[in-house]
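K.L.:
First to last, the protein sequences are chains A and B.
Mapping to numbering that gives the first Met the number 0: the first sequence position 198 is 197, numbers consecutive.
Mapping to numbering that gives the first Met the number 0: the second sequence position 62 is 61, numbers consecutive.
These are computed hints drawn from the structure, not numbers from a lab.
Note that the structure is predicted; figures quoted are calculated from it, not measured.
Cβ atoms here follow ideal geometry from the backbone N, Cα and C, with glycine treated the same way.
It is possible that part of the hints are untrue.
Under 10 Å between C-beta atoms, here's a sample of chain B residues computed to sit facing chain A [what the hints assert, rightly or not]:
| no. | residue |
| --- | --- |
| 1 | Ile107 |
| 2 | Gln108 |
| 3 | Pro111 |
| 4 | Cys120 |
Pulled from the structure, derived: some chain B residues nowhere near chain A, Cβ distances all over 12 Å [to be verified]:
| no. | residue |
| --- | --- |
| 5 | Ile19 |
| 6 | Ser42 |
| 7 | Lys154 |
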Amino acid sequence: MSRAKLRKDIVPVAPDAAAETVVRVSNVIKDFGTVRVLDSVSFDVMRGQMVAIIGRSGSGKSTLLRCMNGLETIQSGEIDVCGHRVSLPGKLDKGQLRQAVGIVFQSYNLFPHLTVERNITLALTLVQKRPKAEARRIAADVLNLVGLSEKIDAYPEQLSGGQQQRVAIARSLALSPQVMLFDEVTSALDPELTAEVLKVMEDLQQRGMTMVLVTHEMGFARRVADITIFMHKGKVWEIGPTAAVFANPATTEFAQFIASVL
Amino acid sequence: MVQFTSVHVFYLLDAATWTILLSLLAFAGGAVLGITLALARVSRLRVLQLLAAAYIQLVQGTPLLILLFLSYFGLSILGYRLHPVVAAGMSLTLYAGAFLGEIWRGCIQAVPRTQWETSDCLGLNRFQQYVYVILPQATRIAIPPTVGFMVQIVKSTSLASIIGFVELSRAGQIVNNSTFEPFFVFTCVAAIYFAMCYPLSLSSRYLERRLNVAR
């Protein structure tokens, strides 16, 4: 249906199976003062994969995501995202990184003084320098993708939390990122609204978007994610294909975690 | 003794235009200085932050009356004889700038940090962040305290009477000296001040409502 006629460049479609590394995190160490929040964290994300990062509060999941986007600096290790070395802040072309990576936050963070459309077109016109008409067409496309075409002229406060989050996803998507980061995007939503946001994310995955998500939605991660990472005490405690990881927890910590949340 | 007549009322109204002019000078100068100070206060350059903070502390800790004395009598000793309207306009600008700077700094910082973060993640540079994301939101927050301060400024212009500038308050004194009907005269003066300040206060409510719709 209408979603099928979306422009190809909005959501890059995975190239043939040749696995291409989009994100490489190696030996990342991050301290907040004397507290080590990330301890020798390493993992790769291949193009088109959905990687779910799970774990208890305070295990470093969100910090890891923020490091991948250069929002936090790290003490040592390397983070490469789409060919950009995030861990060298001095040499990093932040503009190019921003073009390659989209991020969606728990608190949506829409611009309250702008309409839904302007929220989406702002970076398209200011950063990507696209003509207004083209930016508006892209906004219409991505809103269609998240099922909110009729809200194009609404202001954020007129939308439900779930709708705001879908607009936030659309806003990020509009910039055609190669990888999208989701930081507990459903944690502020009730179950019904959570479902509509998860549906959008599942659609994205099916369209080949590379995604890394920090989530408390264990059922969703288990059903949809290709790779699951269990973080504990700032370390990658367990990592592997989702089904295998959930079926055979290798550590008592993960087994206990699964037992406590499922 | 002269009777208080409509002639005096017109005299007061005429003087009130000077009060308005002085207020406008103070608003305009204070706004330019204020936004500069506010941006300096939130800038990432430590030197700018400190300079702006020092200025604000210094001026906020000095009575407006003393600023007036300094710019009118003080500068004339140094050889710069300023016209009272210039001296008064300058003092009020320096004074209003310090307060508006601090008010607006607070308004800029009241915009949630996540708005900075999100606009950064979308690739906006610092200038674009200010113009398209932060300042529009800060403006909305700034309306009530700014209008409140503007009302204060209108009333503070009365201090310019001390350096011989004939604005509304000074005109009231002059009229009273000839008619000696203080209660009548100063009630009249008060009413004119009120007639200037009240619409200003009302405009705040109007602006807030307008900006609320478009948010």
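K.L.:
A separate judgement is required for each hint: does it hold in the structure or not?
P.N.:
We went through each hint and held it up to the structure:
For the restraint placing B/Ile107 at the interface with chain A, the shortest Cβ-Cβ distance is roughly 14 Å, beyond the 10 Å limit, so the hint is violated. Annotation: interface hint on B/Gln108 violated; nearest CB of chain A at approximately 16 Å, more than 10 Å. A least Cβ separation of about 8 Å between B/Pro111 and chain A falls short of the 10 Å threshold, and the interface hint therefore holds. For the restraint placing B/Cys120 at the interface with chain A, the shortest Cβ-Cβ distance is roughly 5 Å, inside the 10 Å limit, so the hint holds.
Remark: the non-interface label on B/Ile19 is consistent with the geometry, its nearest Cβ contact in chain A lying 32 Å away (cut-off 12 Å). A cut-off of 12 Å between C-beta atoms confirms that B/Ser42 is not in contact with chain A; the least separation is 19 Å. No Cβ of chain A comes within 12 Å of the Cβ of B/Lys154; the nearest lies about 32 Å off, and the non-interface call holds.
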